[in-house]
Amino acid sequence: MHNFCSVGKRVPKIDAVEKATGRAQYIQDLKLPGMLYGKILYSKFPHARIVSIDTSKAKQLPGVRCVLTAEDIPDIKMGVYKDNRPLKKGKVCSYRDEVAAVAAVDPETADEALNGVEVIYEPLPAIFDPEQAMKEGATLIHEEHKTNVLRMPWKLHYGDVDAAKKEAAHIVEDRFTTTWVTHCCMGASGSIAEFDPANNLKIYSNTQIPSLAQKDFLDALTAMGLKGNRVRVIKPVIGGGFGSKLDTYAYEYIAILLAYHTRRPVKVEFDRTEEFIATSTRQPTITYISQGCDQNGKLLFRDINMILDNGAYTSWGATTPSVMMMPITSLYRVPNVRYEAKCVYTNNTYAQAMRGYGNPQATFAIESTMDMLAEKAGIDPIEFRRINANKPGDVSTQGLRITTCGLEECMDAVKEKLEWEKPKGESEGVGLASLIHVGGGARVYKSDGCGTIIKMNDFGKIDLFTGATDMGQGSDTVIAQIVAEELGLQIEDIHVIHTDTDICPWDVGSHASRTTFVAGNAALGAAKKIKARLLELGAKQLEAPLEKIALRDRHIQHQDDSEKRIEIGKLLRKAHFSHGGQMLMAEYFYDPANENMGKDFRGNMSMTYTFGTHGVKVKVDEETGKVKILNYVAAHDVGKAINPMLLEGQVYGGVMMGLGYALTEQVILEKGENMNPNFRDYKILTAKDVVPIEAPVLETYDKDGPFGAKGIGEPGCVPTAPAIANAIYDAVGVRIKDLPITPERVLAAIREKKGLDLCGQELGRDDVDECIIEE
Amino acid sequence: MSREIAFVFNGNKMNMAIEDHWTLLHLIREELGYTGTKEGCGSGECGACTVIVDGNAVNSCLYLAAEIDGKELMTIEGLASPDGTLHPIQKAFVENGGIQCGFCSPGMIISAKALLDENPNANEEEIKEAIAGNLCRCTGYVQIVDSIKSVSGHEAQEPHVVAFRSEEGDRGD
Ligand code: FES
Ligand code: FES
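As they're listed, the protein sequences go chains W and U. Residue numbers for the first sequence, in my numbering: 1 to 775. Residue numbers for the second sequence, in my numbering: 1 to 173.
Any given hint could turn out to be false.
[Said to hold, decoys possible] Distance windows between CB atoms, simulated:
(1) W:K683 - U:H21: 30 to 36 Å
(2) W:D738 - U:N121: 40 to 46 Å
(3) W:Q541 - U:N121: 52 to 58 Å
(4) U:N123 - W:E416: 26 to 32 Å
(5) U:P82 - W:D500: 28 to 34 Å
(6) W:D111 - U:D20: 17 to 23 Å
These are computed hints drawn from the structure, not numbers from a lab. All values reported here derive from a predicted model rather than from experimental measurement. We put the beta carbon where it would ideally sit given N, CA and C, even for glycine.
Bound-form chain W, shown alone:
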């Protein structure tokens, strides 16, 4: 058994003191000399022709430095599908469409200028329901695309689902829906752009993808006639990410364009309303699912048809089916699988990645129907899942290679901690749901790599430059722990720098729970190079054979002779200040050996997979439909907990976000218009909503992970909703198939089951004028 010094320890986050003292600088806190303030005018209609825009009044306002519309800018194509523009030309396709932008000396003047921009629209028929939008002859959102269905071929069929259906002893079939939810980062979006006299761009932005953003902005410069110029992306401290900052957005390009036209630094910063209205959501899904098993409860097939509301433009949200394929094909052993997903343009806000990347939507349908199928087959839900559980060494139909897998142990932990078999009280019930998620990177881009550079100074201290992005989850700390462990140093000896593309190496981005695994391995690779050289220098200095010396406590020492040791700093100084001096620096680029999906979507997209099971005990108030959570257990196989305290934080935070997804959160769009763009009405959970959560961790030591670790950023919010839906069914016998599971929905289901109408009256009685359904 290893005796770790840093790894496995509850090390405080290395940036926590800066944050606890208010010294950490977020985009909101940055001001550059001469900086102007940019503001954006949004559309007044969900779908309309822009007849004319008159900016003359705005331009005349004292303090206004620039007013831009699509007419003033080159054709910059944004987004995954390149179907979006920073300022809209000809027509608008949603309420969040950017129509004009201004830069002024202060925010108030900029706001006043926006009021002075006169836009004449000619409204067009709009479409908000993806199933309607798919129909022949439906209004087209993007005429040139000829159809509202995105040309993305999310379709697979492994084995023979139709044959399996004929064989199955038990089949369930149903429809599930999920709704819009949004990231609600406490630190809202913003960026500051600035050009130097040679037209090189420097942009401060709270992005999760500095390297890909740099590339996007280089493309924008090219469109602006500045091909070959440089782009430097600087990240301030980020006030939360959760997937929201995985793309580049109109506001960033607008800051760039305003800065270019004014020759001054320009800041565009969202207020909370804007953050709700003009950032992208997790997309709603409609899922038609059927699953079947044989007499003994062995799964025979899974058949899923899904419709995703893409909104008016395309960001990474449209690629979430690629990740949904993972639970659909590989959560439990399923020999025959068919899946088809259609992403559909509507005049709603457009969708983006959000923690779990489609997995929560897919798992809601899968794990709800797993319980329904278990009931049909007359098998306990845990035993039913055990019969079908993934095992180490499995290769799923999709070609996912399961290396380590603690799924059954996670279910056991839930069973024990939730006292699964103990009799429940009145209206109480238990439910569980499991998850599979990428835990060793995810090859969705051409590279899944991350670079690291380490330099050591004369005192044995390290500056480490990583491509990874810490947006609060604590990757800097985990990287420092990994490097400290490898080199026998203390955490405080490692200074992690991740803020600047001019000095940090490439990384594909903080997504897919990949940072501990990929950036951790990149840091470990660089540390190993440094270690080899330290040992070489040390062996010479101590006159000892290489295999006899080790790094420990900031020293190099002889393993058998504790007298023979030298402080690492001293050794480095000797090496530096001697004839033919040398200093230690190392770089390492780690690109995992995972695979891009092939033509039929087969391929091992991650080096390893994280598993987990969530179980919940609920009590349902049958009079109000309110669901009370009595106990929650979230067990995960994480490979190795590099920092148990931060890991718990990821799980607790994920679970609470998942509970919000399951029970309260919803962006309410009425004909495309956001009706609740504020915290109070959007209903993220507060401290008073905290439920008792236990988070047991299973360590399976993945051979490819740094010190055995797998990723854990997203899993916490993946199976929450189905676990709760299953528990509600156990408690009161109603199955809720639509998120969020509001008291109204639960109450309506309970009343329907009892043969009552929505007002709690026996069906057919109409002697009551009105009834009030309490919220």
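Given chain W, put chain U with the ligands in place with the hints provided.
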């Protein structure tokens, strides 16, 4: 309209001219240049802007700057000792994982300070009540509540993470 006001800011006397329409948040961030106090919503819904005025936690985004006249104001910058020693609540947040992205942290810590100044032995329910107006999207609040409990003398629950398979058990290779 502008006016002269006098107040105590993090222990130091201040006189300054202010505009009537300024919020206290504006005064702190834009005029005094102290950016530890955050704006998360600007409308009293998130608590990121929490400061202490005469011992009470207030949302500075809703509080008029003029009202601070003659009062004592404390922001997150005034909490640690001048030599940099953290206040016990700050230390507790650092050591118990109460901070992730950190955007909510100054407001959260200030709310905790106002609570514990008034009720040093606050229990879990009282803590949750006191920070109910401080939203956090990252932590799920669990480790925040634990952090505050560790200062108010209520033991945090024992470590939640229990490894239940040993390293030797299965290395998978
Ligand atoms: S900024 Fe004051 S409560 Fe949100
Ligand atoms: S730590 Fe990010 S909002 Fe609380």
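(request) Could you check the structure against the hints above and give me the numbers of any it violates, in ascending order? (result) Violated hints: none; all satisfied.
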